[in-house]
Amino acid sequence: MRKLLKGLHKFQSSYFPANQEIFEQLAEGQKPRVLFITCSDSRIVPHLITQSGVGELFVIRNAGNLVPPFGAANGGEGAAIEYAIHALGIEQVIICGHSNCGAMKGLLKLEKLRTEMPLVYEWLQHAESTRRLIIENYADTKGEELVAITMAENVVTQIENLKTYPVIRSKLHQNKMSIYGWIYDIETGEVLAYNPETDEFEVPQTLLANTSNAPNEHFVHTDAPPIPSAYQKPKNPGDLASWMTPEQANRIYRGSATTR
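Numbering-wise (the working numbering), the sequence shown opens with residue 43 and increments by one.
Hints may contain errors.
What the hints assert, rightly or not - Quick list of simulated restraints, FRET-style, between CB atoms: (1) His128 to Lys151: 24 to 30 Å; (2) Glu158 to Glu186: 21 to 27 Å; (3) Phe65 to Pro238: 22 to 28 Å; (4) Asn61 to Ile91: 26 to 32 Å; (5) Gly95 to Leu161: 19 to 25 Å; (6) Lys184 to Gly117: 41 to 47 Å; (7) Pro238 to Gln67: 32 to 38 Å; (8) Arg44 to Glu178: 46 to 52 Å; (9) Lys151 to Ser212: 23 to 29 Å; (10) Asn61 to Leu161: 36 to 42 Å; (11) Thr230 to Ala181: 25 to 31 Å.
The hints are simulated quantities; they were obtained by calculation from the structure and are not laboratory data.
Built from N, CA and C at the ideal position, the CB exists for glycine as well.
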């Protein structure tokens, strides 16, 4: 607590005075450009990862970056999504999963959680589609590689869940909504983005280069090369050799120096 109090003092004595004009503007209302849905994991800091300023991101966090399908739960996630899109007029949504995710590990041993952590067990029911997909398509995959695949597939599942919300479907129908799926590697800081056209995770700059309403235009680099084939999802889920080499298996969906 002492460390937090010292940080609070530093914020009030130095950071706030230096940025007082920004806070005065924010006091009149918020105008975030992006809805950022991610995990509650303490290692994930959306503003740090994206280098965003105060007021630029509207953030929803929970265990496993889950989006309960519309009508499945009358919880804070649905209300926050509805408010962000309808009241704040946000037209960009990012769902961000991450490496070594505890929620995804729990999802892979769901029955064990029924008695140990019943509330977590109930919550992870919102990722049942992910669990079933993994069980039926990745039976021969184990360990860290399986956790990595589960995390990535879960991001795609939650994108589909998000589309069940009337406020989202309406905006998509009007071509006024863009949804991005990201996976973040804690160890390296690398981020890859889901490309629905190829069903692959790729260097995000590659995708944003051709997006006129990208949430952060200053991240766009038209010369960004595509991600190497070694990091692409296999067309046949069982053919993992064409996706990751043994050396890459523990480097979750990571770009290399050549992809920057």
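Hints versus structure:
A beta carbon spacing of about 38 Å between His128 and Lys151 contradicts the range 24 to 30 Å that was offered as a hint. Here the CB-CB span from Glu158 to Glu186 is close to 22 Å, well matched to the stated 21 to 27 Å. The hint said 22 to 28 Å for the Cβ distance between Phe65 and Pro238, and at roughly 38 Å that hint is violated. The supplied range of 26 to 32 Å is broken by Asn61 and Ile91, whose beta-carbon atoms lie about 20 Å from each other.
Between Gly95 and Leu161 the beta carbons are some 35 Å apart, a value that contradicts the proposed interval 19 to 25 Å. Taking the beta carbon of each, Lys184 and Gly117 are about 33 Å apart, not inside 41 to 47 Å as hinted. In this structure the supplied range 32 to 38 Å holds for Pro238 paired with Gln67, their Cβ-Cβ distance being about 36 Å. For the hinted restraint 46 to 52 Å between Arg44 and Glu178, the CB-CB distance of approximately 51 Å keeps it satisfied.
Checking the proposed 23 to 29 Å range against Lys151 and Ser212 shows it is violated: the Cβ atoms sit about 38 Å from each other. For Asn61 paired with Leu161, a C-beta distance near 39 Å keeps the hint of 36 to 42 Å intact. In this structure the hint that Thr230 and Ala181 lie 25 to 31 Å apart at CB holds, the actual value being about 29 Å.
Consistency note: the structure conflicts with the earlier hints numbered 1, 3, 4, 5, 6, 9.
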